[in-house]
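Protein sequence lines correspond, in order, to chains A and B.
For the first sequence, our numbering assigns the number 1 to the initial residue and increments by one for each residue that follows.
For the second sequence, our numbering assigns the number 1 to the initial residue and increments by one for each residue that follows.
Incorrect hints may appear among the rest.
Derived DSS-like pairs (lysine-lysine); straight-line CA-CA distance at most 30 Å [to be verified]:
1) Lys510(B) to Lys377(A)
2) Lys379(A) to Lys542(B)
3) Lys43(B) to Lys379(A)
Only some residues are given here: those of chain B computed to face chain A with a beta carbon under 7 Å [said to hold, decoys possible]:
4) Ala141
5) Cys170
6) Leu192
7) Leu196
Source of the hints: derived by calculation from the structure; they are not laboratory data.
This structure is a prediction, so every number in the text was calculated from the model and none was measured.
C-beta atoms are modelled at their ideal positions from N, C-alpha and C, and glycine is treated no differently.
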Amino acid sequence: MEPEPNVPLNNQSLANSNRHQHKWKDPLFLDCGIRFEQQFSDFNQSSEAQTSFSCNSTKPNQRIGAQENQMNEGQESSKIQDWDPRTMLNNLSFLEKKIHQLQDLVRVIDRRRDQDTGRPDELMFQQQLITADLTSTIVQLISTAGSLLPSVKHNLSSVSSVEQFGGTTNSSGEVFGDVVIQQNNPISKTENQSNQTPIDLTGYTGVEQNSITEDLELKIDDDADEGEILPPGSYEILQLEKEEILALHTHFCTICGKGFKRDANLRMHMRGHGDEYKTPAALAKPDKETSSEPILIKRYSCPYVGCKRNKDHKKFQPLKSILCVKNHYKRTHCDKTYSCIRCNTKKFSVIADLKTHEKHCGREKWLCSCGTTFSRKDKLFGHIALFQGHTPAIPVDEFKGSALPSDQGQKCEAANNVDLINFESNAMDAKGSGDDPTSYFTPITFGPSIVGGFNEFPRPPSEDAESSLSFLLSGRFDYSPKSGRFAGLNDTSV
Amino acid sequence: MEEDQALKPISPFVSLSEEIIFTILDCLNEDPQTKKSFSLVCKSFHSIESQHRKSLKPLYIELISRILNRYPQIHHVDLTYCPRAEDEVLVSISSAYRYTLRSINLSRSRFFTHVGLSSLAGKCWRLVELDLSNATELTDAQAAAIAEAKNLEKLWMARCKLVSDMGVGCIAVGCKKLRLICLKWCVRITDLGVGLIARKCKDIQSLDLSYLLITEKCLAPILQLQQLKELILVECPGIDDEGLRTLKEGCKSLEVLNISKCHNISNVGLFSLINGAERLSHLSLAYGAAVTADFAKCLYKLSGLKSIKLDGCLVTFSTMKAIGDWCVSLKELSLCKCSGVTDEGISYIAQRLILLQKLDITCCHKVTYASIDSITKSCTTLTTLRMEACSMVSEEAIVLIGQRCESLEEMDITGNNINDAGLESILRCSELFSLKLGVCLNITDCRLSRVGVYCQKLRELDLYRCMAITDVGITAIANGCPVLEMINMAYCDKVTDGSLISLSQCLQLKALEIRGCPCVSSVGLSAIATNCKQLTILDIKKCCNIDDTGMVSLAQCSQYLKQINLSYCPVTDVGLLALASISRLQNMTILHVTGLTSNGILAALLAFRGLMKVKLHTSFKSLIPRSVFTVMEHRGCAFHWRNKAFQVETDPKGWLLHLPRHEG
């Protein structure tokens, strides 16, 4: 119990407390061990925690709103690279308030002990309560200090993660919301949820992990009441919040605050923070706790109200995994920020989609008048057969290439240009990619053999030819006197 | 004023309304010359004729603007004499006949792009027929332009080799009213394009998919078409029995099916293809694999069949028996080059197919007197009999034909044994319009003159290598057959100018072949040229007495000449240049014409305006400047180079040694 924030990192006790914090912040880190979980399960009996839960569960909607507000703040703060002195000040004043509260509590206990000493159980319980409060304060202090470290990127979020602990003890609904925000790894959360007994849900460990579960369970009940789509008991519906879905990193180092997308990467990173992270136990992949109870199938709901994937939708269709949720949310409800630099037309909200597209970009030469492109001709024709009014769009390049041997090359080109404009509406895509002339050619049309075929009928330098042969041309009418005389009569025939 | 009117001779036409004159002109439609003369009578006639004309076939594309001004009511435009039809021409045509144009033929024209086609398709909303055959440079972009013709009903695109599924897909989506589409030789079109046509154009009645690499995948939607009557699938190797087995049901409305040269369709595939096609009346299986031992199993479904073509198939007696048993209503049967055809088979079918009108047993070498006997006995209504090279048929059998089948209209007995008695009996067929007696060496003038007396409806006469024929016979024919259109006297070396002078009475003569007749001179040819104004095809190869004089008279009179072969003739540069005034001349063969110099050819080539195909000896290739070829190709003319050695026919009967004889 050392409240100083400047404790050296290699200090054993600090390391322990870090592990605590780590555990709370990122429950996926089961390498922290069941040991800790048990330790915290002691706090389960905390009446305050329980009340806070009941309090929150009665007003879920408010809490969601609060969550969103806080989430926005969290997002903003996470964007700030350097530490914000104002936040620090807030944190410190908050800690100060907490210590005062603790002081008051101890005073009350002290007074009670004077009056009534006959209940040692209660005394011990109070002791534990104070210990817990103190621990959380210490952790918060340390992490506040940690935010001063130069490399910390997500310091503020970790600070607020500590903050929420205070919140829980204060039974503040808003802070509960924050808990959810800090749950940046939804997978870990669900895993924990599945592993926990109902009692654990109300436990201290559950405070940060399962507050949402509590919330959701309430809603599941609602769904069960609506009832016709989801067979009761066969599903468990979870709903992540927007911010969780969009969070860049879901795993954070408790020491330096660096964020990671995968827990394995975090574990690898943690090795640099000390030998204790190099033990096989610490490096082991967190196992799923085998439970005798049948694990409920989990399905996910999109937080976007009105979406078919939202659990409040009449024809709700659940999403199967967290990844599905993420991809669905980004694809459906977010801006398409990733654009293909090659074709400049296609935009994606999921970067993987862009990468997939880039593999085919330029090779999608089959395009429809509606602008849809296909990498396979049969897919295009299936599309055209299906929709009325859609036609295959001939790439603009082909119009340019179609200039037949002609002595009026320029005229022809001009005509082509006119047609280009007409054709624009049909082949926007093709036009957009006009800078890549090969991209929209059909593979055979302008293959070398065909080009060779064109060369058989080259555009003749007819002016030169005619001038050089003018002596012959001028004489031709000498041999065909009738062509002039009967031209009027014979210019047509049947 | 009154005096003035009285002085003027009052034309009876003044009192006639325009409608009546139009009706009169309608009766003259078959005679274009008369109508031209009519239009030259006076200004009012000229304008009436201009108003009346519905179809246009311009000779000089340069004059198109004048033509367009003169004739405002044109429905059909035929540009087959204009090898070079550029976008400008098409644009001006489409602007001039925006409300009237119904059909246009571009099958012989090139050099137009999507601009011209787009103008035609976009402006002429009445356009229902478009012939784009042989547009080998037609690209998808141009095909897409066609799609703007929403009312198009008939579209020919044979040999549009560059058009792919994309282009034809555009047409399928755009031209929903299509009833006929010909995609023959459009080798880049696959299942996808054809399938899309079948899905989008529900009114398709006739579909020609010959020589395409299509499979059964596109046949499924095609066979669902409710209106489909004609399906032509010549040489589609992609269609096989395995695929056809997957088809559920054939097309109920199908009437004509042609799967010639489909080597992967056996009778099993055919069976699934015609499953449910109750109206099928014409079936062609020529040179395919469909006729096997089990073919008879298919035939019981085809009892309504009117015509069946089994050319080059493995026809056996069992096949013939099945045809005889099941297809009793058959009117046309072709067994050309079926080596398995025997007297037994012919006799069997002849007894049952009494309605038979057309029979082709060309090159059925096993057929003898017995077959002809049974055919002539039972099929008395026979109108067409082709039995070229049935060398086993005796002279007596030919006699039977004339005696029993008096309604015969077409007869081909090239290379048969026929004597004067046989020809005498054929004279009884007074309806005969086509008679081919090639290589019938025994025919004499005497009998041939009797043909001229009796067969007055004769339009085609082939006397190829009938070497006994002289001027007497030909003169009799010329006197007796005024409607003669085609005569082949090749290698009848006794024929002289006298024949040609008498033939010049046949004013309808369109095709004259006097190859290898050394006694014919320019005098005879001039007579033909002067009188037979309709002459279109002329072959004077190896007529060593026809010189420039003949050419000059041709140039002056035969304005309809389209095709000429001058090889081995003593024609010089002057004659060739004279021919250049024949504006319709499209096809010319000038090999081994010793009188020609490279400069003469050069000048002539540049003077010819409508030339599309020239066959020249390879030796000229180096003598003619490259730029001339460029100009010619630019005009739409193609060169064919031949490198045959100069042939001197020493022995007039030397060719007989190469002729296969099948003597028993």
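Hint-by-hint comparison with the structure:
no., hint, in the structure
1, Lys510(B) to Lys377(A), "violated (50 Å)"
2, Lys379(A) to Lys542(B), "violated (60 Å)"
3, Lys43(B) to Lys379(A), "violated (63 Å)"
4, Ala141, "holds (5 Å)"
5, Cys170, "holds (5 Å)"
6, Leu192, "holds (4 Å)"
7, Leu196, "holds (6 Å)"
In this structure, the hints that do not hold are numbers 1, 2 and 3, in rising order.
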